[in-house]
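Chemist: Below, each chain spelled out in residue letters.
Protein chains: 2
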Amino acid sequence: MLVAGIDVGGTKCLALAVDGEGSVLGEVRVPTPPSDGLVGTLGGLVAELESSLGRSMAGVGVGAPGLVDQHGVLRAAPNVPGTVELAVGPRLASLTERPVQVDNDATCATEAEWRLGAARGATDAVMVTLGTGIGAGLVCGGQLQRGRHGFAGEVGHMVVDPDGPRCPCGRRGCWERYASGSGLRRLAREAAEAGQLAHVVAQAGGDPDGVMGEQVVAAAREGDAEALDVIERFAWWVGLGLVNLTNVLDPEVLVIGGGLARAGDVVLEPVRRAFAELLYAPGHRTHPRIVLATLGERAGALGAALLAGEMLALRASLGQEAPSAPWAPPAAGGEVGK
Amino acid sequence: MLVAGIDVGGTKCLALAVDGEGSVLGEVRVPTPPSDGLVGTLGGLVAELESSLGRSMAGVGVGAPGLVDQHGVLRAAPNVPGTVELAVGPRLASLTERPVQVDNDATCATEAEWRLGAARGATDAVMVTLGTGIGAGLVCGGQLQRGRHGFAGEVGHMVVDPDGPRCPCGRRGCWERYASGSGLRRLAREAAEAGQLAHVVAQAGGDPDGVMGEQVVAAAREGDAEALDVIERFAWWVGLGLVNLTNVLDPEVLVIGGGLARAGDVVLEPVRRAFAELLYAPGHRTHPRIVLATLGERAGALGAALLAGEMLALRASLGQEAPSAPWAPPAAGGEVGK
Numbered sequence: 000m001l002v003a004g005i006d007v008g009g010t011k012c013l014a015l016a017v018d019g020e021g022s023v024l025g026e027v028r029v030p031t032p033p034s035d036g037l038v039g040t041l042g043g044l045v046a047e048l049e050s051s052l053g054r055s056m057a058g059v060g061v062g063a064p065g066l067v068d069q070h071g072v073l074r075a076a077p078n079v080p081g082t083v084e085l086a087v088g089p090r091l092a093s094l095t096e097r098p099v100q101v102d103n104d105a106t107c108a109t110e111a112e113w114r115l116g117a118a119r120g121a122t123d124a125v126m127v128t129l130g131t132g133i134g135a136g137l138v139c140g141g142q143l144q145r146g147r148h149g150f151a152g153e154v155g156h157m158v159v160d161p162d163g164p165r166c167p168c169g170r171r172g173c174w175e176r177y178a179s180g181s182g183l184r185r186l187a188r189e190a191a192e193a194g195q196l197a198h199v200v201a202q203a204g205g206d207p208d209g210v211m212g213e214q215v216v217a218a219a220r221e222g223d224a225e226a227l228d229v230i231e232r233f234a235w236w237v238g239l240g241l242v243n244l245t246n247v248l249d250p251e252v253l254v255i256g257g258g259l260a261r262a263g264d265v266v267l268e269p270v271r272r273a274f275a276e277l278l279y280a281p282g283h284r285t286h287p288r289i290v291l292a293t294l295g296e297r298a299g300a301l302g303a304a305l306l307a308g309e310m311l312a313l314r315a316s317l318g319q320e321a322p323s324a325p326w327a328p329p330a331a332g333g334e335v336g337k
Numbered sequence: 000m001l002v003a004g005i006d007v008g009g010t011k012c013l014a015l016a017v018d019g020e021g022s023v024l025g026e027v028r029v030p031t032p033p034s035d036g037l038v039g040t041l042g043g044l045v046a047e048l049e050s051s052l053g054r055s056m057a058g059v060g061v062g063a064p065g066l067v068d069q070h071g072v073l074r075a076a077p078n079v080p081g082t083v084e085l086a087v088g089p090r091l092a093s094l095t096e097r098p099v100q101v102d103n104d105a106t107c108a109t110e111a112e113w114r115l116g117a118a119r120g121a122t123d124a125v126m127v128t129l130g131t132g133i134g135a136g137l138v139c140g141g142q143l144q145r146g147r148h149g150f151a152g153e154v155g156h157m158v159v160d161p162d163g164p165r166c167p168c169g170r171r172g173c174w175e176r177y178a179s180g181s182g183l184r185r186l187a188r189e190a191a192e193a194g195q196l197a198h199v200v201a202q203a204g205g206d207p208d209g210v211m212g213e214q215v216v217a218a219a220r221e222g223d224a225e226a227l228d229v230i231e232r233f234a235w236w237v238g239l240g241l242v243n244l245t246n247v248l249d250p251e252v253l254v255i256g257g258g259l260a261r262a263g264d265v266v267l268e269p270v271r272r273a274f275a276e277l278l279y280a281p282g283h284r285t286h287p288r289i290v291l292a293t294l295g296e297r298a299g300a301l302g303a304a305l306l307a308g309e310m311l312a313l314r315a316s317l318g319q320e321a322p323s324a325p326w327a328p329p330a331a332g333g334e335v336g337k
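Chains A and B are the protein sequences, given in the same order.
For the first sequence, numbering that gives the first Met the number 0 assigns the number 0 to the initial residue and increments by one for each residue that follows.
For the second sequence, numbering that gives the first Met the number 0 assigns the number 0 to the initial residue and increments by one for each residue that follows.
Since the hints were made in silico from the structure, they are not lab data.
Every residue gets a Cβ at the ideal spot worked out from N, C-alpha and C, and that includes glycine.
Among the clues, some could well be false.
Unchecked claim - Derived contacts from chain B toward chain A, CB cut-off under 10 Å, selection only: (1) Thr10; (2) Gly65; (3) Asp68; (4) Cys139; (5) Leu143; (6) Gly149; (7) Glu153; (8) His156; (9) Asp162; (10) Arg170; (11) Leu248; (12) Leu277; (13) Ile289.
As the list claims (entries may be wrong) - Chain A regions said to be covered by chain B (calculated; three or more residues, Cβ under 8 Å): (14) 142 to 153; (15) 208 to 222; (16) 226 to 232.
To be verified - Label-pair ranges, simulated between beta-carbon atoms: (17) B:Gly39 / A:Ala275: 33 to 43 Å; (18) B:Pro33 / A:Arg272: 34 to 44 Å; (19) A:Gly258 / B:Gly209: 51 to 61 Å; (20) A:Glu268 / B:Ala86: 55 to 65 Å; (21) B:Leu24 / A:Ser93: 50 to 60 Å; (22) B:Asp18 / A:Pro77: 50 to 60 Å; (23) B:Ala315 / A:Glu268: 45 to 55 Å; (24) A:Ala275 / B:Lys11: 28 to 38 Å.
Kindly generate the complete structure, drawing on both the sequences and the hints.
Modeler: Below is the structure:
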């Protein structure tokens, strides 16, 4: 049995055909269309996977970048302009005539890293995706958690500094203002405006306001002291948010994914140092491991497929539209309670 | 079958004898002894319950104010001086020759409010106990959560203002510095030192530094505008932390317990207003209810007894030292997944 998993990103949609072992048999990607064309595009991706493989998809999983409720409605999606109260799940199910499961994209990535990647075997894990913004997924007590209404994991909007910079969400000092890609860029531009990062500013055409996070990461890699200083400050804020999540949830592993995971070689150690400095009662507890995600940019689509498979298995167990073959999700979740 | 539930507080220990319906049949309290006498005192409370009722306790649950690990060791307890790495569970089990379950006190209170009180029937709930410090308990996906090592719920040490006042834990701007009883007192003293709260300062003998939170609450109740202003600021910080927890966990109900719940008549509405102002994407989601705890000062001991009962039931199901009669915990947890 195959299921389709689709990750809806700010710029592209990635669709995978996945079997019951979690293996990827097909892959298609297209640019993310405007909101009113989204459901049609997703349906087209399923059709394209089916025709290229000559096999039918038993169900479809979708990871969407925003607040997804328990009915598969994308309530709000800041990075897909115009997307408000879009009934992705019901409409895609109707279009494809297949069962559809829609979740937040970071929830999907967490499912994949938990079952097949960096958090495999953990009963309690938190994954944060550090990209333009910050997403997160939670595994608590051996279960992937979505919260009561589907909105768990909006950790980017934890307020960590009420006098901090204004967030597009309307509040001040959200964690996302510091520990995301845009946070790194803001810290870098502040340093550039203060006369630092001369080498990086030159690369940006001499305009401090044009400095990008990637350039700071590259300069830090080459040992530029001022760039390393910016990375240190950035990592401190990442560590602070991970500490807050650990004080709340006490996971055994914290997984860092998203675009910034590619800067792990310069960011990870400073994050670990900040975490150890900020954690409550550090001498009286086991610290969680802080690791990088291992599944890369496919994690979201893969997790969406795994969650669609679980949805099909649940429906089958309830006697609803049994899929043609039993679906057995990969084993990590089964190690719960060890 | 009866179990004993004991809540270890900073000043007193409260012990209850509880039956399988969650009814309280006996109650004893004693002052909390120094750390080296704690286990002996707890054993004495169990013996006293047994002799007063003429019945044996099948097991003992303890709620302790600090970091309790999964082996029943109290790793650190800031409010019970000298308590570090105290093996409460193993030592009390050896002393009483009964199965013992030790949890964090706020975890115990949450269990009680979830099964019998304000969070009854919820699949996802957070309880915060606002006292001298802040504790919390989490119910996620229909399970009480303790985290991987037993330390979930240390929400008082979420950093919400890195430039804020120093916390005894060593960091700055922990939520506890604002939203606890000591936080209220600090906000009140700041107002008094700025020349406000004249009526309250007079009550405190004219010394702004002697102003207590209770006096501000009382003045607010009488309509004192400056006292109401302090309460408003306090409530804003309570709301901010509850928003952070909701952005992470998306519960359906937030329960406020601890000593400050007694100020609910003046605090609850301003907390709800601050929460609605600070929540991420408030127009696109169902907001959790924010309610007061209903079980009062017995919640911790009652929850400790319920958790001991669950431990006995689990041991019985595994064929280990079956208790004399089957233990059926009250039903709320059974409503999971509705």
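Chemist: Against this structure, judge whether each hint is valid.
Modeler: A quick look at each hint next to the structure:
Here the hint on Thr10 (chain B) is broken, as its CB sits about 22 Å from the closest CB of chain A, past 10 Å. Contact between Gly65 (chain B) and chain A, as hinted, is supported at the beta carbon level, the nearest pair being about 9 Å apart and thus within 10 Å. Given the 10 Å rule on beta carbons, the hint for Asp68 (chain B) holds: about 8 Å separates it from the nearest Cβ of chain A. Annotation: Cys139 (chain B) was flagged as interfacial toward chain A, and the flag holds, the nearest CB pair being 5 Å apart, inside 10 Å.
The beta carbon of Leu143 (chain B) comes within 8 Å of a beta carbon in chain A, closer than 10 Å, and the hint placing it at the interface holds. With its C-beta approaching chain A no nearer than about 7 Å, Gly149 (chain B) sits inside the 10 Å limit, and its interface hint holds. The interface hint given for Glu153 (chain B) holds, since its Cβ lies 4 Å from the closest Cβ of chain A, which is under the 10 Å cut-off. Checking His156 (chain B) against chain A: minimum C-beta separation of about 4 Å stays under 10 Å; hint holds.
For Asp162 (chain B), the interface hint holds, the least distance from its beta-carbon to any beta-carbon of chain A being 8 Å, beneath 10 Å. Because the beta carbon of Arg170 (chain B) sits about 6 Å from the nearest beta carbon in chain A, less than 10 Å, this interface hint is met. The beta carbon of Leu248 (chain B) is positioned within 10 Å of a beta carbon in chain A (closest approach about 6 Å), and the interface hint is therefore held. Annotation: interface hint on Leu277 (chain B) holds; nearest CB of chain A at approximately 6 Å, less than 10 Å.
Here the hint on Ile289 (chain B) is broken, as its CB sits about 14 Å from the closest CB of chain A, past 10 Å. Counting residues of the segment 142 to 153 of chain A whose beta-carbon sits less than 8 Å from any beta-carbon of chain B gives 11, enough to reach three: the coverage restraint holds. Beta-carbon proximity to chain B at under 8 Å applies to 0 residues in the segment 208 to 222 of chain A; the threshold of 3 is not reached and the given coverage is violated. With 0 residues carrying a beta carbon less than 8 Å from a beta carbon of chain B, the segment 226 to 232 of chain A misses the three-residue requirement, and the given coverage is violated.
Separation of Gly39 (chain B) from Ala275 (chain A) is about 36 Å and conforms to the stated range, judged on CB atoms against 33 to 43 Å. A beta carbon spacing of about 37 Å between Pro33 (chain B) and Arg272 (chain A) agrees with the range 34 to 44 Å that was offered as a hint. Between Gly258 (chain A) and Gly209 (chain B) the beta carbon distance is about 54 Å. The supplied range of 51 to 61 Å therefore holds. Between Glu268 (chain A) and Ala86 (chain B) the C-beta distance comes to about 35 Å, which lies outside the given range of 55 to 65 Å.
Restraint check, Leu24 (chain B) to Ser93 (chain A): a C-beta distance of roughly 58 Å satisfies the suggested window 50 to 60 Å. Remark: the range hint 50 to 60 Å for Asp18 (chain B) to Pro77 (chain A) is upheld by a beta-carbon distance near 52 Å. At about 48 Å, the beta-carbon gap between Ala315 (chain B) and Glu268 (chain A) stays in the expected band of 45 to 55 Å. In this structure the hint that Ala275 (chain A) and Lys11 (chain B) lie 28 to 38 Å apart at CB holds, the actual value being about 36 Å.
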